[in-house]
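Protein sequence lines correspond, in order, to chains A, B and C.
Position 30 of the first sequence, counted from 1, bears residue number 15 in the working numbering, the numbering being contiguous throughout.
So the working numbering is basically just the index in the second sequence, starting at one, shifted up by 1073.
So the working numbering is basically just the index in the third sequence, starting at one, shifted up by 40.
With a straight-line cut-off of 27 Å between C-alpha atoms, the simulated DSSO-like cross-links for lysine-lysine are: (1) C:Lys97 <-> A:Lys29; (2) C:Lys191 <-> C:Lys146; (3) A:Lys72 <-> C:Lys353; (4) A:Lys29 <-> A:Lys76; (5) A:Lys29 <-> C:Lys94; (6) A:Lys70 <-> C:Lys107; (7) A:Lys29 <-> C:Lys108; (8) A:Lys70 <-> C:Lys161; (9) C:Lys161 <-> A:Lys72; (10) C:Lys289 <-> A:Lys76; (11) A:Lys72 <-> A:Lys29; (12) C:Lys103 <-> A:Lys29; (13) A:Lys61 <-> C:Lys353; (14) A:Lys61 <-> C:Lys89; (15) A:Lys61 <-> A:Lys42; (16) A:Lys29 <-> C:Lys89; (17) C:Lys366 <-> C:Lys334; (18) C:Lys146 <-> C:Lys161; (19) A:Lys76 <-> A:Lys59; (20) A:Lys29 <-> C:Lys107; (21) A:Lys29 <-> A:Lys61; (22) C:Lys107 <-> C:Lys97; (23) C:Lys138 <-> C:Lys341; (24) C:Lys89 <-> C:Lys107; (25) A:Lys61 <-> C:Lys366; (26) A:Lys(-7) <-> B:Lys1177; (27) C:Lys334 <-> C:Lys146; (28) A:Lys72 <-> C:Lys107; (29) C:Lys289 <-> A:Lys70; (30) C:Lys353 <-> A:Lys76; (31) C:Lys232 <-> C:Lys89; (32) C:Lys107 <-> C:Lys94; (33) A:Lys29 <-> C:Lys232; (34) C:Lys97 <-> C:Lys232; (35) B:Lys1113 <-> C:Lys94; (36) A:Lys72 <-> C:Lys289; (37) C:Lys108 <-> C:Lys138; (38) A:Lys42 <-> A:Lys29.
I should point out that these hints are in silico values taken from the structure, not numbers from a laboratory.
Quick caveat, the model's predicted, so the values are computed rather than measured.
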Amino acid sequence: MKLKLFRKADIIIIAAVIAVSGVFILLNSFDDSSLNAEITVNGKLYETVDLNAVNGKRVIIPDTDPHVVIVAEKGKIRFESAECKDKICVKAGNLTHKGDVAVCLPSGTVISITDSATDAVTY
Amino acid sequence: MKNNIAYKTALGAILCAQAIALSFLEGLIPAIPFMPPGAKPGFSNIITMFAADSLGFPMAMIITLVKSGFAFITRGATASLMSLSGGVLSTVIMYLLIRYASEKTGLTGISVIGALCHNAGQLFCSAILTGNSKTFYYAPVLAVFAVLTGVLTGVILKAVYPALEKQKKYLFHIH
Amino acid sequence: MKDKPVRKLYILPFVCLIICAVVFGVYAGNRFGEDSIEFFAMDTYCTAKTNGAKAEKVNNSIKELVKKLDADVLSRQNESSLVYSLNENRGGPITEIKDYLEVMNKVCRDSGGAFDYTLGKVSDLWDFGGNPQVPGDDALETVLSSCGADKVIISYGSVSFPEGLSLDFGACGKGIGLDEIRDNILDEGGIKSSVVSLGGSILLYGNRDFTVGIRNPESITGYVATLNLPACCVSTSGNYERYFEENGKRYHHILDPKTGYPVDNGLVSVTVVSDSGILSDILSTACFVLGLDKGMSLASKYGCTAVFIDDNKCITASKALEGKVKINADSYTLRFQ
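Construct the entire structure; sequences and hints are all you get.
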């Protein structure tokens, strides 16, 4: 067996991996520029949309009754239309900031932009 | 004598069985809630690495393929594909390292890089399968985890290497 | 040969192991025992975020409690609920909600009727939850004349009231829910902290400071200000939450018990911070109806702090909140009173 358990290059490999991933873990935990919208249907996560990565217009129609049409564009997301009476969710307009939430009660659909700056929002 | 097909088949079968047994056993470790998804110790790498060093590239690759075949039978197509993508990449890289860089890198380093490649292959595979690149968010955490498990498997391989060599010779003598 | 220095390096894998374990352990420690849940109950959207060993179990109990409380006690629609049967029989025993009803009665009196839980029939006329419409003046007057908390008699664990009056826990149900969650689930232990939101009424629980955003009234998205608070309850009444438009005029769901019409006093939202869930919920409604000055003194009478937002984008907060409120939208101004 020519393999040794440990050689000098191993130290460099391990140190490099730890250093690089450590930097990324730190960056991730302080990363504030990401804008992720979570769409949940009846409490279950339906889809997470990275709003910074949307090119053009993306239409999302979750399988709900009544139907709702969600439109995501770069940096924003909204309920485009809903087949319910009150249309509160459509009135909410574009969600653009962290902590923004739009709820469509009849269909059980919620869009929220994930946020770590506040523990909760009162309304 | 050692080129005898029956001998190679028997040895290969035993090593495959050991690799599968190891991955089955690590599957019995209860899921830890905070573990990044897809993170496993990867103890079967011990066998793959031994094969790559002592028996050559074909044997190492056969073990990897059989392992993902086993994953297909027991855990379905997706798990099998994940196992395959991670396994093939790490086996190729580890073999190349052993063959061409073993003067510079030791077992630990090779094992760590093997674990990293395994993760990388799986991440790419899951990103393609789900069409969601968000999984890469976990890459740094997985990498740290890979260093941990890589060092561990490297040390274990060092310890069991003589036994594995013995097994190889023992089988040869029976023959 | 090279063997000697290499042998010394044997210790290094273990050093690395320890470093990795620490790095991973810190990451894991942050994730451990964190759970969040979302559900629909009380005709609204509810969330619970809990930290601690029993987080998942606690969150599930919260969901069950809220759904059960709504179905068995507070719902006006569910035929097996306590409030439904009280309304059908014009009274009955109220053991489960006696304490809450007494608080509600007290705020009713202290606010001069600005908060009134007997307007069920008036709400029915407006029908905000279903097919909203402006009711006729005559119909409204007729119904309004038979309402009023002063007509409700509470004695010996029973309640009785005349025909034509209907109890409505819409303005306090969420607060009661928060109190029940705290007393029956969170106080049992097994958790470090928890943040429960029942349709925007919030329970903050745990030995740390929390940051609560006050929803931006203009867009129904984002928050105009944040509050830095210890464990407590926070409720907001806003005229943007439920409304409809008819003939170009906007009608919202916070009704003035005196007129039966939506309150129109320049306020957009009132947020009340209290140790008690029901108080924060009731007082936010009462303060909205009373307006800034009277509302502020009512809140302080109950030892609560409040944040008023008016349609001139002026935010007025209790003096006690000085240093704890932070504006988050440029066009708004902040003052303390």
